[in-house]
Each structure stands twice: as structure tokens, then as C-alpha cells.
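Asks: With the sequences and hints as input, model every part of the structure.
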Amino acid sequence: MPVVVELPRLSDTMEEGVVAKWLIKEGDKVKRGQVIAEIETDKATMEFESFDAGTVLKLVAGEGETLALGSPIAVLGKAGEDPSSALASATSAAASAPAPTEEAAPAAAPASPAPTRAPAVEVSSPAAVSVSEDERRIPASPVARLIAREAGIDLRVVSGSGPHGRIVKADVEGHAADPSNSATHATLSADKDEFGRPYAARGDVTHRISQMRKAIVRSMTASKFSAPHFYLTMDIQMDAAAKFRSECNMSITGTKISFNDLVVAAAARALRSHARVNSAYTEQGIVEHGDINIGVAVAIDDGLVVPVVRHAEQKTLTAISQEIRSLGKRAKNKELRGEEMQGGTFTVSNLGMFGIDEFTAVINPGEGAIMAIGAVREELALDEDGAVTRCRRMKVTLSSDHRVIDGAVGARFLGSFRDNLEHPMRMFA
Amino acid sequence: MAVLQIREAIRDAMREEMLRDDRVFLMGEEVGHYEGAYKCSQGLLKEFGEKRVVDTPITETGFAGVGIGAAMCGLRPIIEFMTFNFSAVAFDQIINNAAKIHHMTGGQFHVPMVFRGPNAAAHMLGSTHSQAFDTFYTHIPGLKVVSVATPKDAKGLLKTAIRDPNPVIFFESEVQYGIKGEVPDEEYLIEFGVADTKRAGADVTLLCWGQSVAIALAAAELAEQKGVDVEVIDLRSLRPLDEQTIFDSVRRTNRAVVVEHGWPYGGVGSHLIARIQEECFDALDAPVLKVAYEDLPMSYAENLEHLTIPQPSRVLEALEQVTYRS
Chain A
6 MPVVVELPRL SDTMEEGVVA KWLIKEGDKV KRGQVIAEIE TDKATMEFES FDAGTVLKLV
66 AGEGETLALG SPIAVLGKAG EDPSSALASA TSAAASAPAP TEEAAPAAAP ASPAPTRAPA
126 VEVSSPAAVS VSEDERRIPA SPVARLIARE AGIDLRVVSG SGPHGRIVKA DVEGHAADPS
186 NSATHATLSA DKDEFGRPYA ARGDVTHRIS QMRKAIVRSM TASKFSAPHF YLTMDIQMDA
246 AAKFRSECNM SITGTKISFN DLVVAAAARA LRSHARVNSA YTEQGIVEHG DINIGVAVAI
306 DDGLVVPVVR HAEQKTLTAI SQEIRSLGKR AKNKELRGEE MQGGTFTVSN LGMFGIDEFT
366 AVINPGEGAI MAIGAVREEL ALDEDGAVTR CRRMKVTLSS DHRVIDGAVG ARFLGSFRDN
426 LEHPMRMFA
Chain B
1155 MAVLQIREAI RDAMREEMLR DDRVFLMGEE VGHYEGAYKC SQGLLKEFGE KRVVDTPITE
1215 TGFAGVGIGA AMCGLRPIIE FMTFNFSAVA FDQIINNAAK IHHMTGGQFH VPMVFRGPNA
1275 AAHMLGSTHS QAFDTFYTHI PGLKVVSVAT PKDAKGLLKT AIRDPNPVIF FESEVQYGIK
1335 GEVPDEEYLI EFGVADTKRA GADVTLLCWG QSVAIALAAA ELAEQKGVDV EVIDLRSLRP
1395 LDEQTIFDSV RRTNRAVVVE HGWPYGGVGS HLIARIQEEC FDALDAPVLK VAYEDLPMSY
1455 AENLEHLTIP QPSRVLEALE QVTYRS
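These protein sequence lines are chains A and B, in that order.
Under our numbering, residues 6 to 434 are what the first sequence spells out, in order.
Under our numbering, residues 1155 to 1480 are what the second sequence spells out, in order.
Worth flagging that the hints you see were computed from the coordinates, not collected in a lab.
Using N, Cα and C, we set each Cβ at its ideal position, and we do this for glycine too.
One should not assume that every hint holds.
[Unchecked claim] Label pairs and their computed distance ranges (CB to CB):
1. A:K30 with B:E1474: 56 to 64 angstroms
2. B:R1406 with A:I214: 24 to 32 angstroms
3. A:K229 with B:D1383: 52 to 60 angstroms
4. A:K337 with B:R1406: 52 to 60 angstroms
5. A:Q347 with B:E1474: 57 to 65 angstroms
6. B:E1474 with A:T226: 37 to 45 angstroms
7. A:A245 with B:R1406: 52 to 60 angstroms
8. A:V393 with B:R1405: 58 to 66 angstroms
9. B:D1383 with A:N338: 32 to 40 angstroms
10. A:K337 with B:R1405: 38 to 46 angstroms
11. A:S251 with B:E1474: 37 to 45 angstroms
12. A:K34 with B:D1449: 27 to 35 angstroms
[Unchecked claim] Over the 10 angstroms line for every Cβ pair with chain A, so calculated as not near, a few chain B residues:
13. L1376
14. D1436
15. Y1478
Replies: Dropping the structure here:
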């Protein structure tokens, strides 16, 4: 049965190629691995080693002719065999195969391969390069090879977790499942691992700047460059707050009070007696806001939004909790209305759930301060008798605009805030 | 269904076949008056008389040869070896006469008989009484070899062995005679060459037979706690071998381990591994491993014997190795 030799993929970005020079002629006997042609790719002219052995029945491609990947360029077989039927079926297959590629290529980014191109990768690339460039056999389990072959994954860009770097089934499956590993995304790095196999190199990706990102850029830059920030950090005992919270949760239904809800309530109530912290610098003067509207920073896909809990100092804990839950959920679904994110006078940003102990936040324009909340953590402490006990602590860092708030003002506010959390009944008594 | 011990299932199989076919008889040391060294022939002498339940002297070559002659003359003998260790004395009869007469006589004679008894290490029997003969007998063309691990399999396979027109080596185990299990009340046969999946699993195929079945199942339990889902296949019949079930499973799980109650050099396990790599090469994700006796004569000392025989923990190590957990 004659074998049709197809134009191989010799570089990752190669879409077409030219047989620069034939090194065989019709009637020659070809061995597997013999260099039969020089192929010009988009990068270089490379030697093409035959995957098959046999007598050259026909040279289909002329020298200098530009051809699509996978186009038949020659037919090998037994001396005297007729190449035409094999050639006919290969040509019809080639004719039907590249069509979708042509269609997909202009629309898709160059990095994403059209599915019809996968077989070309599989047939040509690993074999061609592994023979000519790298004689070393990649350690991979047979089933890993099979899966890679079927999925068109180049084993050289898969890292092996087995003994001696062996690529096992889980590695190939993990590679295939990782969207950043599409066959053409990764190329071979010049750097090699201890087994001599190149690392996978991946190019930079530039993302369009979304409207939300533009708003973040605008407001954060304006704030950080115009408002001189200073930072006050305080460590707060949270045992009473934790106890209070669990008692609350035993007596209410419909929501569960979180530490963050308590923080919002405590900050709002402290702001009532520290109006200067609930203020903003304007050209006309320092505006102490009458209302206490607490912004709650919510991380969403590719950004964050800050919905506002209005009149927070007058709301019950249950109301605050329900409102924050609702705002957070709708923020994640991108269902917030514009006015729900406006009118904030003070902001709380909490990264405790990510295990952050403490951090500094950037003040939202139009506000005088922002409070950054860390995780509630369990620690050892000494009680009054000097015995070691467990306690819970939480660090908060207040970023203040020094144009309106001085250090002592911020510190006094933090003191009230701390008292509210360390003696939660004060807020409601 | 009745719950029987393996020894009772073996007795019932022989009894049913002796009732069904008066050419069937049992011969061996202590099978009659003593009712079997491991009580596998309880009540048979009383029921069938001395002509069909024959106590022999301690002459394995002699009574194995008598059995072969009787089979050639049209009877259906069951030869009990008190243990297969003693079959070593009758080795020439078994491998040169029983296995080859059908072939050498161009099919004029056939040898429909069963050699049965306990095989392989049991518990503190010393090195000469702890031989595993699986490999010796499966090696010989002309013999069929089965190895049982449950009462149901023992009964169904022994009845098939007694009816088979060829010499059958039927392996039991001293430490398994007391194992209990459900046995169907109605008559049934279990075909040779059909493996039984004792536990379904997705991550590793664990091959076992005879005494290694219990070890494999225990190892599978340990592996489950580590998140490795093991498929345990009891081969039951070593020759003919149910290769299809093995290959189908390995192609699904991509990994295989053999637990062998025998020595590692050569052997049934090695043959299984050879066949798997021949037929399932592209399906394999890891080298196929074998867990067998340590390559030493069996120790009498209990602690050393324990270390020599594959334990579930040792099988677990292999399971973790082929799934790249270790």
C-alpha cells in the first residue's frame, strides 16, 4: 500500500511551506529517517526526514511551490506500485481538511489552533523534531504517549511527575485540562531541565482594559497621588465579638452574622462620634458627611466594586448582614445598580478570608479614610494571672487622608472602634 | 443459600459427582477412615464404601500412577495429596504420564482425573512443606490448573474438574479450608477460564488467585483509605487463563499489580506481566509490579514467615507506586 508523504509542520507557527529542494528522485529507495527534502518554513529551511521507508513512486510537489500543511508532496511504496489511488484519497482528504482552518484562522487569535490542525501536529512535529533535534527519548508511560498522540499534545512541553521525570497519564490529562496549555500556546524554551528536556515557554498575553478596570485605575491613581495617606494599625481582641456573634446567630434566622458585619456595624457606630473620619477634602473645605454610608469592597471577576450600606449606624446587625449578603451576591452577578455603588462616606475592605493578617488599602476618592481588615486569628496570650490562654485577635489598618485627618484623630476613632468590638454590647445598649 | 466452609464445599462437590457418576472415586492418604487430613472427605467412606474411597499407603508415586492408570482405563479418579508438597514425590507421574499420555498416544488414551490438595505456604510448616506449585504445574502443557479462594468457587470448579476429560491440578489451602461463604443450593458448575472480579475499581487492576485473594482484598481496603480505587480480579483458573478479563480491566485502569502466593522468580505472576505488556502496552501508565514471597526458602519461624509472605501493607506499597502516590 503506497504511503503519501505530507508537508510536515516543522515550526510551531508554520501554516504553509515550500519544498526548497528535493534530495531524492523517483525510483530511489528511501530509509526511515533519511533526509529526503529541504523544507522552507516561516522560520528557516529545515531538513525533512522521512517517517516511512520505501521506493519513491512519485514526487508530487515541485521545488519552490508553496503548499498548505499536510499537502501531499510525495508517494512512497513498493517498486512498481501505482501511486494514483493513494494520492487521490490523500488529496481529497487534504482538500476537505484545510477548509475549516482557513475559515477559523482570521477570526480566532493566532494562538488558538483550529481543531482540524491537530492531526498535523501529531503526525509531523514530534517525530520530525525528536529525530533531528533531540535524540533523547522522553520518558513517558505508554498510555501517556497514547493520550498525547490522540490529543495532539507535544510531550516535550509536558512536565513529568513520575520517577526520573516520567510523564504519566495524570500529567498529560492535567496538561490537556489546563486551558493555558493549548498545543500552540507553549513553545520550547532554550532552558532545559535536569533530564535535558526543554521547559515550555509561553508568550505574554495582553488583555483589553475593561470599563471597570479603567474606573479602578482612575480613582485609585487620583487618590494615591492627591491624598497623602498615612496608616494606623491596631490589634483588637475578638473573643467578646466572637461570643457575641455566635449568640446572635443562635437567636436570629434568615442570615448569619459574619465578623465583617460586626466590623461594619462597629465602624459605623464609631464614626457617629468621630465625624472628622467620616469626611472628605474639597476645594471649598473639609466636608463632614452627615450620613454614614459604609462602602464594602467586593472582589469580583477581574476587579472589585464597592457597594454601599446606607445609614449603617442606624441599622440593626441583622439588617446590615442581610444587606451586605445581597449586595455581595448581586455584585458577583454584576447586577448592582449604579446608585448602589455611590454615596459612600467610609469604606471597609476585608481580606481576612484570604488569610491576610494585615494590609493597607487605598482611600476611595470622596472619602477621608478606609479600613483594611485582616483575618481573625487564634493566638496564645497571658491572662491576668500570667497563665497562657487562647485568644482571638484581628488586625485593622486605617488609611487616612492627612489633609483632613491627623494621627491622633484617626487613633481615637480606632480606639472607639476597638471598644465596640471588644465590648459589643456597647453598640446596642 | 447454605453457608459452607470450603472443606464442606469440596466434600459436597465430590459427593455429588460420585452420586452422579459411579466411575468417580477418591484415593489418597487418610481420605477414608480419618475422613481427610483436613476433613474434606467427611462421611464419604460411610456413604460410598471402601471401593470408592480408598486409603493408600504413603506412596505418592504409587497412588498417583494407579490413578493415571485407572483414568486411562475409563474411571474418573480424584487423587488427594495430603498437601501438594508431597506431589513432588509423584512429579514424574504427573508431568510425564498424566500430562502427556493423551498427546503421546495420538488421542487414543485420555486421562480424566483430578489431583487435589492444599498448596503453598500455610502457617509455620517449614520450608519443605510450604512449596507453591502453581508455577510448576501451569508450566506443563497438558495440565489444567485451578486455584480456589471461596466455597462457591471451590464447589463449582471442582465439579467441573471432575467432569473434565483432562488431568486437572486443583489447588486448595490449609489456611482457607475454614473460610465460610454462601453456596447455591441448586446444582451449578463454574467454567474453567473465567476469572471473577471480586471487587470493581477504576485505578489499578490487582490480580490474584487462591490464598492471595484475601490479601488482595485487604490491600484494596487499605488503598481505598488512600483514595486508590482497586479492581481485584480472582483468576480462579490459571490454565486456561481468562486473559480477556485481565486485558479489559488493565485497559480501563492503566495499571496492574500481581499478588502471588509463591516465589517471584519466573512463575505465574511473571507470565501475567509478560502477557499484559504484550497486549496492553499502550494502555499502561506504570510498570506492572508483582508482590510475591521473598526469594528465600520459607522460614519456620513465625515472624520470618510473616515477612516472607506478601502482606496487605506490602501490596499497598505496590499499589501506591503504580498510581504514583508514593
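Asks: Would you say the C-beta atoms of Q347 (chain A) and E1474 (chain B) sit inside 57 to 65 angstroms of each other?
Replies: Roughly 58 angstroms apart at Cβ, these two residues keep to the hinted range, so it holds.
Asks: S251 (chain A) and E1474 (chain B), beta-carbon distance inside 37 to 45 angstroms?
Replies: Holds, since S251 (chain A) and E1474 (chain B) (Cβ atoms, about 42 angstroms apart) stay within the stated range.
Asks: Could you see if the CB distance from K229 (chain A) to D1383 (chain B) stays within 52 to 60 angstroms?
Replies: holds (54 angstroms)
Asks: Starting from the hint 52 to 60 angstroms, judge whether the C-beta atoms of K337 (chain A) and R1406 (chain B) obey it.
Replies: violated (40 angstroms)
Asks: Does the beta carbon distance between D1383 (chain B) and N338 (chain A) stay inside 32 to 40 angstroms, or does it fall outside?
Replies: holds (38 angstroms)
Asks: With d taken as the least Cβ-Cβ distance between D1436 (chain B) and chain A, does d exceed 10 angstroms?
Replies: violated (5 angstroms)
Asks: Non-interface claim for L1376 (chain B): all C-beta distances to chain A beyond 10 angstroms?
Replies: About 21 angstroms separates L1376 (chain B) from the closest Cβ of chain A, which puts it past 10 angstroms; holds.
Asks: Verify this label for me: Y1478 (chain B) is non-interface relative to chain A, using a Cβ-Cβ cutoff of 10 angstroms.
Replies: violated (6 angstroms)
Asks: Within 56 to 64 angstroms or not, the Cβ separation of K30 (chain A) and E1474 (chain B)?
Replies: Given range 56 to 64 angstroms: holds, Cβ gap about 58 angstroms.
Asks: Regarding E1474 (chain B) and T226 (chain A), is the given constraint of 37 to 45 angstroms on their beta-carbon distance met?
Replies: violated (54 angstroms)
Asks: V393 (chain A) and R1405 (chain B), beta-carbon distance inside 58 to 66 angstroms?
Replies: Once the Cβ atoms are compared, 60 angstroms apart, the range 58 to 66 angstroms for R1405 (chain B) and V393 (chain A) holds.
Asks: Range first: 38 to 46 angstroms. Now tell me if the beta carbons of K337 (chain A) and R1405 (chain B) are that far apart.
Replies: 44 angstroms Cβ-Cβ, so the 38 to 46 angstroms window holds.
Hint violations for this structure: numbers 2, 4, 6, 12, 14, 15, all remaining hints satisfied.
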